[in-house]
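4 protein chains.
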Amino acid sequence: MRVGVLTGGGDCPGLNAVIRGIVRKGVQEYGFEFTGYRDGWRGPLEGDVVPLDIPAVRGILPRGGTILGSSRTNPLKVEGGVERVRRTLAEQDVDALIVIGGEDTLGVAATLHDEHGVKVVGVPKTIDNDLDATDYTFGFDTAVNIATEAIDRLHTTAESHMRVLVVEVMGRHAGWIALHSGLAGGANVILIPEQRFDLDQVCAWVESRFKIRYAPIVVVAEGAMPKDGDMVLKDGTLDSFGHVRLSGIGEWLANQIEKRTGKEARTTVLGHVQRGGTPSAFDRWLATRFGLHAIEAVRDGDFGKMVSLRGTDVVRVPIADATARIKTVDPRLYEEVGVFFG
Amino acid sequence: MRVGVLTGGGDCPGLNAVIRGIVRKGVQEYGFEFTGYRDGWRGPLEGDVVPLDIPAVRGILPRGGTILGSSRTNPLKVEGGVERVRRTLAEQDVDALIVIGGEDTLGVAATLHDEHGVKVVGVPKTIDNDLDATDYTFGFDTAVNIATEAIDRLHTTAESHMRVLVVEVMGRHAGWIALHSGLAGGANVILIPEQRFDLDQVCAWVESRFKIRYAPIVVVAEGAMPKDGDMVLKDGTLDSFGHVRLSGIGEWLANQIEKRTGKEARTTVLGHVQRGGTPSAFDRWLATRFGLHAIEAVRDGDFGKMVSLRGTDVVRVPIADATARIKTVDPRLYEEVGVFFG
Amino acid sequence: MRVGVLTGGGDCPGLNAVIRGIVRKGVQEYGFEFTGYRDGWRGPLEGDVVPLDIPAVRGILPRGGTILGSSRTNPLKVEGGVERVRRTLAEQDVDALIVIGGEDTLGVAATLHDEHGVKVVGVPKTIDNDLDATDYTFGFDTAVNIATEAIDRLHTTAESHMRVLVVEVMGRHAGWIALHSGLAGGANVILIPEQRFDLDQVCAWVESRFKIRYAPIVVVAEGAMPKDGDMVLKDGTLDSFGHVRLSGIGEWLANQIEKRTGKEARTTVLGHVQRGGTPSAFDRWLATRFGLHAIEAVRDGDFGKMVSLRGTDVVRVPIADATARIKTVDPRLYEEVGVFFG
Amino acid sequence: MRVGVLTGGGDCPGLNAVIRGIVRKGVQEYGFEFTGYRDGWRGPLEGDVVPLDIPAVRGILPRGGTILGSSRTNPLKVEGGVERVRRTLAEQDVDALIVIGGEDTLGVAATLHDEHGVKVVGVPKTIDNDLDATDYTFGFDTAVNIATEAIDRLHTTAESHMRVLVVEVMGRHAGWIALHSGLAGGANVILIPEQRFDLDQVCAWVESRFKIRYAPIVVVAEGAMPKDGDMVLKDGTLDSFGHVRLSGIGEWLANQIEKRTGKEARTTVLGHVQRGGTPSAFDRWLATRFGLHAIEAVRDGDFGKMVSLRGTDVVRVPIADATARIKTVDPRLYEEVGVFFG
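Going down the list, the protein sequences come from chains A, B, C and D.
Here full-length UniProt numbering is used: position 89 in the first sequence is 89, and no number is missing along the way.
Here full-length UniProt numbering is used: position 125 in the second sequence is 125, and no number is missing along the way.
Here full-length UniProt numbering is used: position 64 in the third sequence is 64, and no number is missing along the way.
Here full-length UniProt numbering is used: position 89 in the fourth sequence is 89, and no number is missing along the way.
Hints are not guaranteed to be accurate.
All copies of an identical chain are treated as equivalent in the list; a pair is satisfied when it fits inside any one copy or across any two copies.
Said to hold, decoys possible - Pairs of lysine-lysine, BS3-like flavour, derived with a Cα cap of 27 Å: (1) 77 - 327; (2) 227 - 77; (3) 77 - 263; (4) 211 - 119; (5) 77 - 259.
It should be emphasised that the hints constitute simulated quantities derived from the structure, not laboratory data.
Bear in mind that the values here come from a model prediction, so they are computed numbers and not experimental data.
Based on the sequences and whatever the hints tell you, model everything.
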């Protein structure tokens, strides 16, 4: 049996651990052979392959990124894309495909399986932890640790100077990284995309902090927005960037807080630092087990499924379940954490 | 309402986060007052208290250890101990007690509640992750990260020199730290207390590693034992220590491997480094939520219960459930991980 | 003898280690007493003091920030400021003053000593390492380690995706942090304030990197400027911030590289994360020794001097020497490092 | 021109950074070609080579260990060894040799140059920082950081429990790692090989610590010895190990302290963890610059020399200067640090 493997979408610590788990178990226990596809769906689309055997996966466990490369190429949006993918698999004698990716990449996998009979097994991947149908995705714990360490360091300044410290973290549609790192780092304000924030409330929290001789730390997800969303645009800062995505809301918020409270504010934008580098032990454990279970699903012929974490067990769910809707922060959880604001 | 809080047993990153969660929510949302008891059960036994209010918990979130101190004092083993604890609580107007601890400490709490009507809520704590009735305990993730980083560093030597590297990690009765850090660190052999190891097999794994020009890394839980357990004693190394507990099995194993394979072996004994220092983000998250839910249980009058992690939810279970039996590594999980041995 | 201590300017890992060194040696070996002044020069100006004895310095060694607080208050710019400082010292029986700070804070110390006979000893402090007359300042090594770790993490993305990664680090007038972290992190381009950069050259380096299938990492000091400095303003991005200081040049540069090369660029702005948190071992060593030698200088009555690192020795130099001119990156050193560009 | 490169002795973070610096500058600026020799002097002795060009050094900067491998083979102790080395160099058209190593490895280099006319340039390497003629060696800063982090973590336990914590660090003949990490970590006792310790004094320091409700942390270099050295042997613990080298003095000391003070003691033995893994930013900077200057010395034809750090400058000194004597801790420096004992 020959199994193809590809990784799609943004990079995420743990991708290599998944690949290693798949190959080690596949070769040693099942006698499978592997074909690595380069740069996500571009690989099978163009027949671009990477050798994938035991020596190829040696030493990759602690390394971030993916030895297979990644891209956002979508064969469903390419003329004759599905047919080209099927032809590549057939020509290269690839019997089944393990697809490691997020919503988009897995969406393609679901379509290829459900509508075109391609034998796929999915492995969920998103730094943002916003995929439904799994308790956690690998990479998330690493991102939260990195953001938490950054917040830890800012407390130093917060205890010695009269400054507002704004940290912008990843999370365009879901606030998991902000919520977890903000709680773990002891932030005084946490703003997430799921709930539009009230700038007056934010400033009130900031002011209350100064009263006990400490500077406030504000953690804001990149996708967070004020209640009056128009003000971001009217303010004229964001849209002059060209890139709203990165240095947007954090810098805007720092400016607003300065204007309203009269206190100096400083911004940290962690950016891609959050999604790179060596995975945490938890992510290596999770990613490795996802790999082991994915190849087991292939061996079982259980296609159209995705591996998923439930408590401490790895189970299988239909790929479609995971991509149907995004997993956002439950308002009750956000409220629970709110006891630490201000 | 006045609530007492104590921490018992070995220290564990996250204890302070629990305390902070309890006090912040208890004061701010419920208007409770708190009494901190010093050094575990010694506190209520001797009436030794620590002030516990909002200022007292400021800045403690990222700090390991416990601001309340800890000890292994057991009031059940002290003449009139139970009565003295009850008297202290009564005299100090303490209505309920939150007990943060492991098997022993919680066992006392269960007895006080079940047999003496003391209003207790438990919070499970063990670095070893071997408490039943909760998916994870806080402190474990931190310990695994520390051990994994140590193993990561040893790979360097393993790739440049012809040496066997033995790492002894915590785990007297359960091999969770060894299993998780060994897998996450890419160890070539993982030995746990749950399964006696075969020294010939260990040496065979070690030898096979040298054939691909890499030195092997062996992770051994402090409680692991060879199949012929007598050999450890006969060998005469262990019992001359006085302390079997710490530098025991790792050094013994390194000696045995040297003798049998003729390769130099080096030992690392991490010891208390694994249970100290700042908690990981995961442990801060878990410990904080445990604290928030414990005080909620007090507010609800739901005594005799312990907070527990189930998937991503914090639930309540009878304290007795957690202390009834130790949670050991499932043989199937150990076998799953075995694909990476050798 | 009673000695006053103050810390001025921006915070910097190691300040507490200096204070601890001063107090431990001063009390234990010389029998001195201490007065801590709060928030830099504001302390003696307003007579705002903090208790400073052995218990006060317990446990502060690994903590960033300063237990004395800091500010940028300058008594030379305050009506009757010098007189008020002298009066405070006299009234509080403070015989000598140890001043820990950067160019501005030490400049005040030099003036107070040279022109007003105040007995001061200086300890140099700058995260930027740009003080002349000392090989290194504490805090710098920590900042470089933090920036290097961030760059390390970005390599992951750089190896898996086709993106340009721009990292903005501290350094308004001197490029030491950029140079050291850029070299240590294996950056492909390093831009420093000392040498205006050529945008075409930067883009050429970026392009050459893509040819070997790796994304380029560009490290830019916050004070770096293009050869045609006007373009930054004409481009209209910087001046719309209100804050040029933080998210300025990095985001601008990323935009320019995107426009010119057609490749996506992402920005990381580390900000105050670089100057907070626990000091590196080197900085704790250096800061502690600075503290020990500063109090020794007070004991010797050697005022108007500043402690300074020369090789592995701590020596004393006139404070004025350190504040006369900024220490910038030697063009030959920048050229030496240039072998790694592109 | 063709240049050979080899790395000898124990591994040390920064070796790969030296190699990368040599090759990048040698190829790009001077047009040199390189031959890598495998496993130290074994390489030229047996003609065992590794390809060494720009692609070979890509990505190795942050990696510990050495891509060339290492060993303790000494051609001076091999029948006809010198002649075989010379023949290999001649046959492979290797004009000059860069030798990266410690006392032994560089000693061979000095002999080959001084007595046999081989064109060698040396790069000093020792984790222990005990090579004379250079302010610091790379790898040392990394080791000190690792040991310091371990001590930091132990403080947690020290603040919560009544235990003595003993940390054994590297340093067989010189106490630099113990001294720097012990100071940086805030240890209460530091024991180094240069000064035999008095067990009564150690116990007195330990006892005094308990009086202020903190547990003491004792850092001991592996080569430290009590004043009555015989007691270690008489005690019968050490010599029963077979390996005095690793778990020796730390465990022995913990036992003695337990017996004499009646307090529980726990031991951490860091072992090879100290010499592995990614180098600190300082070590990457130093190692890279050593590499750049070593190849420059080759270009200048300045053989028989070794690169060396003096303040912030890299200079050249005769290899023999570095190997003539070991650099031990100055008693005055040890005394300076002694203010923190107890």
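Status of the hints after comparison with the structure:
Only within a single protomer do residue 77 and residue 327 lie at most 27 Å apart by alpha-carbon distance; the minimum there is 25 Å, versus 50 Å between protomers. For the homomeric pair residue 227 and residue 77, neither the shortest alpha-carbon distance inside one copy (36 Å) nor that between copies (43 Å) is at most 27 Å. Taking identical chains as interchangeable, the C-alpha atoms of residue 77 and residue 263 lie at most 27 Å apart only when they sit on different chains, with a minimum of 21 Å there against 50 Å within one chain. Proximity of residue 211 and residue 119 under a CA criterion of 27 Å is satisfied in neither setting, with 62 Å inside one chain copy and 35 Å between copies.
Taking the closest pair of Cα atoms, residue 77 and residue 259 come within 27 Å of each other only across two copies (26 Å); inside a single copy the shortest separation is 46 Å, beyond that limit.
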